[in-house]
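Engineer: Please model the entire structure based on the sequences and the hints provided.
Count the sequence shown with my numbering and you get residues 674 to 865, in order.
Honestly, I wouldn't trust all of these hints.
[As the list claims (entries may be wrong)] Under the rule of at most 16 Å between Cα atoms (straight-line distance), these lysine to aspartate or glutamate pairs were calculated in the EDC-like manner: (1) Lys770 <-> Glu780; (2) Lys786 <-> Asp689; (3) Lys737 <-> Asp697; (4) Lys826 <-> Glu780; (5) Lys681 <-> Glu693; (6) Lys737 <-> Asp761; (7) Lys770 <-> Glu752; (8) Lys754 <-> Asp740; (9) Lys681 <-> Asp697; (10) Lys826 <-> Asp813.
[Claimed, not checked] Per label pair, the in silico range of CB-to-CB distance: (11) Glu787 <-> Thr709: 38 to 48 Å; (12) Gly722 <-> Ile804: 20 to 30 Å; (13) Asp813 <-> Lys786: 35 to 45 Å; (14) Thr776 <-> Leu694: 23 to 33 Å; (15) Asp743 <-> Thr810: 32 to 42 Å; (16) Glu699 <-> His801: 39 to 49 Å; (17) Cys789 <-> Thr810: 18 to 28 Å; (18) Leu769 <-> Ser724: 13 to 23 Å; (19) Lys746 <-> Ala819: 12 to 22 Å; (20) Arg793 <-> Leu769: 26 to 36 Å; (21) Phe859 <-> Asn734: 38 to 48 Å; (22) Arg766 <-> Lys681: 14 to 24 Å.
Derived by calculation from the structure, the hints in this document are not laboratory data. None of these values were measured; they are calculated from a predicted model. Beta carbons are placed, not taken as given, at the ideal position from N, Cα and C, and that holds for glycine.
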Amino acid sequence: MKPESNPKRCAWAGNDPLYELYHDQEWGTPVHDDRTLFEFLILEGAQAGLSWITILRKRENYRKAFDHFDVQKVAGYGEKKIRSLLKDEGIVRNELKIRSAVTNAQEFLNIQKEFCSFDRYIWGFVNHSTIYNSWKTTRDVPNNTAESDAMSKALKKRGFKFVGSTICYAFMQATGMVMDHTTDCFCFVRKK
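Structural biologist: Shown next as structure tokens:
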């Protein structure tokens, strides 16, 4: 969707050009590509306790550091690669988050084997269709829902890390599983 000059956006987008671009072109757009879903899963986990703009600013560094989110490669990372990542100033150097990316990649592959794709599995939490919301302000948007609670519980049971319900809901928003643009935003879409 191409914005007119000075469009009204969701309040969280602020006026940072990187945030605006992400808001306008990615956030809330349905994603069905497994590599992109894996990227968002890792980035949302890395964001825990930080602001999303911090992660957006490091996103290209993450892509380089994590082999462009090639899940096969990340699943095979050993101690040498993990130690290298812990020294990489371009990413969040949190050992638990870095190790969780490797664990999550391994579990991601297990889901792909079982369901033929991660997409088929993860979109099942919303019955394979975007949930369209009509929030007036960002204050109205919840931090978690029954769907994100169910996703979190199921992923944790499979061994995923950094997948609490709030992280899962942010993942759902980012990948278009839910449409949470506020009603005054130019990206707002009503249920079709």
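Engineer: For every hint, state whether the structure bears it out.
Structural biologist: Consistency of the hints with the structure:
1. Lys770 <-> Glu780: holds (15 Å)
2. Lys786 <-> Asp689: violated (40 Å)
3. Lys737 <-> Asp697: Not OK: Lys737 and Asp697 at ~24 Å, beyond 16 Å, violated.
4. Lys826 <-> Glu780: holds (14 Å)
5. Lys681 <-> Glu693: Holds, at roughly 11 Å.
6. Lys737 <-> Asp761: holds (11 Å)
7. Lys770 <-> Glu752: holds (14 Å)
8. Lys754 <-> Asp740: holds (11 Å)
9. Lys681 <-> Asp697: holds (11 Å)
10. Lys826 <-> Asp813: violated (24 Å)
11. Glu787 <-> Thr709: 38 to 48 Å: violated (20 Å)
12. Gly722 <-> Ile804: 20 to 30 Å: Hint holds: Cβ distance 26 Å, inside 20 to 30 Å.
13. Asp813 <-> Lys786: 35 to 45 Å: holds (39 Å)
14. Thr776 <-> Leu694: 23 to 33 Å: Hint holds: Cβ distance 31 Å, inside 23 to 33 Å.
15. Asp743 <-> Thr810: 32 to 42 Å: holds (39 Å)
16. Glu699 <-> His801: 39 to 49 Å: The hinted range 39 to 49 Å is violated for Glu699 and His801, with Cβ atoms some 20 Å apart.
17. Cys789 <-> Thr810: 18 to 28 Å: violated (40 Å)
18. Leu769 <-> Ser724: 13 to 23 Å: At 19 Å between Cβs, range holds.
19. Lys746 <-> Ala819: 12 to 22 Å: Given a distance of about 35 Å, which is not inside 12 to 22 Å, the answer is violated.
20. Arg793 <-> Leu769: 26 to 36 Å: holds (29 Å)
21. Phe859 <-> Asn734: 38 to 48 Å: violated (30 Å)
22. Arg766 <-> Lys681: 14 to 24 Å: violated (37 Å)
Of the numbered hints listed earlier, those contradicted by the structure are 2, 3, 10, 11, 16, 17, 19, 21 and 22.
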